[in-house]
Amino acid sequence: MPNSESATNHIVSVKNLSFSRGSRKIFDDISLDIQRGKVTAIMGPSGTGKTTLLKLIGGQLYPDAGEIWVDDQNVHRLKTRDLYSLRKRMGMLFQSGALLTDMNVYDNVAFPLREHTHLPESMIRTLVLMKLHAVGLRGARHLMPNELSGGMARRVALARAIALDPMMIMYDEPFTGQDPISMGALVHLIKSLNTTLRLTSIIVSHDVQETAAIADYIYVLSDGKIVGHGTPTQLAQSDSAWVQQFMNGDADGPVHFHYPARDYLDDLLTSRHS
Amino acid sequence: MLEFLESLGKITRHSFAKLGRATFFLLHALTGMREILPRPNLLIKQLYSIGVLSFLIITISGLFVGMVLGLQGFNILSDFGAEESLGVMVAASLVRELGPVVSALLFAGRAGSALTAEIGLMKATEQLSGMEMMAVDPINRIISPRFLAGFLSMPLLAALFSAIGVMGGHLVGVGMLGVDDGAFWAQMQANIDFREDIVNGIIKSVVFGFVVSWIALFEGYDAIPTSEGVSRATTRTVVNSAFSVLGLDFILTALMFGDI
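Protein chains in written order, with our numbering: chain A, 8 to 281; chain B, 26 to 285.
Each hint should be verified, as a subset may be incorrect.
Derived CB-CB ranges, DEER-like [claimed, not checked]: (1) A:H125 with B:T56: 18 to 24 Å; (2) A:E154 with B:D218: 54 to 60 Å; (3) A:R31 with B:L81: 46 to 52 Å; (4) B:E122 with A:R31: 36 to 42 Å; (5) B:L44 with A:S25: 29 to 35 Å; (6) B:T56 with A:E154: 32 to 38 Å; (7) B:G254 with A:N81: 30 to 36 Å; (8) B:W210 with A:H125: 52 to 58 Å; (9) B:L44 with A:R28: 22 to 28 Å.
It is worth saying that the hints were derived from the structure and are not from the lab. This one's a predicted model, so the numbers in the text were calculated from it and none came from an experiment. Even glycine gets a Cβ: it sits at the ideal position worked out from N, Cα and C.
Next up, chain A with everything else stripped away, as it sits in the complex (with noise of 0.2 Å):
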């Protein structure tokens, strides 16, 4: 039974995927799968439309065409209501941490508690606090989110989205713009919340080994198309050039360092006389 086998194993099925913005088509025809408790990267060149696939499962956006189920469930056909009750099991980091502005962290990580439960204060403290100890920053309660560094800002944001103890986080770009303290913190944070949480994660990211160094599977998505997939040894030995270039940052191969342009010699000279 094919059927029961999904339901068990894969948290989020991406069918047929195409979706375009304005003129520019960012997914045309891509299928993926992620499975139930492990992390899956999903990694490819800026510019790809990695952000803009978390909001699609996160039904932020709508494809043009194909579906996404998560949790078993048709996300674009849920009423919103559904779609809300689904989306407190579903945890979203964002690159800048979208933390609000005008909460201290404390209040911050108690704001998605205050809105969906009926919890007593005291008991919101104790969640709050574990929380925070979780991601080390139970000492910076007190602090608004314009007085923490951008790793810091994060790891709030990772308190706050579980909160709700979700069954799946998204991490928008995690390691973008880290040192690598903050960013040695993150990695071993994504990887041991997922562990002792039991929760899945998809991590969206085009820092390779960081990625690679917890990720359980990675698909590498290029041009709207998925280029490649595998667990981080296969891609590893992939013989896809293009895959090859991504995982080793080389400056030149499939994708080019130059972009497209007539010849050099022809365009130095002609811009004399213009």
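Following the hints, complete the assembly by docking chain B onto the known chain A.
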């Protein structure tokens, strides 16, 4: 010529599309107001930042407008020996026109622009998107309380403006130019009608409060999420609010006082 027609069509289509988005936004914000009832704190916070913090600009402007009215009114009325009517003149201009209109323009500049910038920046920093992903409707949670606060604050601010303006007129007319104190108040009392003048003025300010809040919040919500986009949206809020307030003022005045 063809290009002109093409761009005209484009602009028209964009305007209608925007009007449609604004209407849906308004309906959503209005239905979201029922969520304020169980959590009055959301509203109180906005009443403070939108209403209470506008007090200073409204009182000072009201005082000066009233003083100028007293001065100019006295100059004209004294030519006809009708200085005693100064109180009526000042009060009628303030309650019918200047109170609602000037305070709405000040409100758009002080609170409207702040609302647009705040919402626009929340959009640019993904706070609205983040809220959506936390299964919290950003329109219900963020927009509706601000909308209601703007709508409630405006008539109160306009009333404050008129009251302080009358005092300013009194200060100049009675205090400095020697108009009779009793005549100033008595003429005002006899000639300003509650229904005709005061209620109409309140209706105007309610309409302006609704429109300015709607424009400010929608422009912020619809802003392109970049610094340039937010800055343009803020400008549009002030400009569009001013046009709408002045245009609507003419229509409302024609309906209330005119025999057109």
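Do the hints match the structure? See the list:
Under the hint 18 to 24 Å, the C-beta atoms of H125 of chain A and T56 of chain B, about 23 Å apart, fit the expected range. Judged by the Cβ atoms, the range 54 to 60 Å given for E154 of chain A and D218 of chain B holds: they are separated by roughly 56 Å. Between R31 of chain A and L81 of chain B the C-beta distance comes to about 49 Å, which sits within the given range of 46 to 52 Å. Judged by the Cβ atoms, the range 36 to 42 Å given for E122 of chain B and R31 of chain A is violated: they are separated by roughly 52 Å.
A C-beta distance of roughly 30 Å is found between L44 of chain B and S25 of chain A, which places it inside the suggested range of 29 to 35 Å. Between T56 of chain B and E154 of chain A the beta carbon distance is about 37 Å. The supplied range of 32 to 38 Å therefore holds. For the pair G254 of chain B and N81 of chain A, the supplied restraint of 30 to 36 Å holds, since their beta-carbon distance comes to about 34 Å. Take W210 of chain B and H125 of chain A: their Cβ atoms lie about 56 Å apart, and the range 52 to 58 Å holds.
Checking the proposed 22 to 28 Å range against L44 of chain B and R28 of chain A shows it holds: the Cβ atoms sit about 23 Å from each other.
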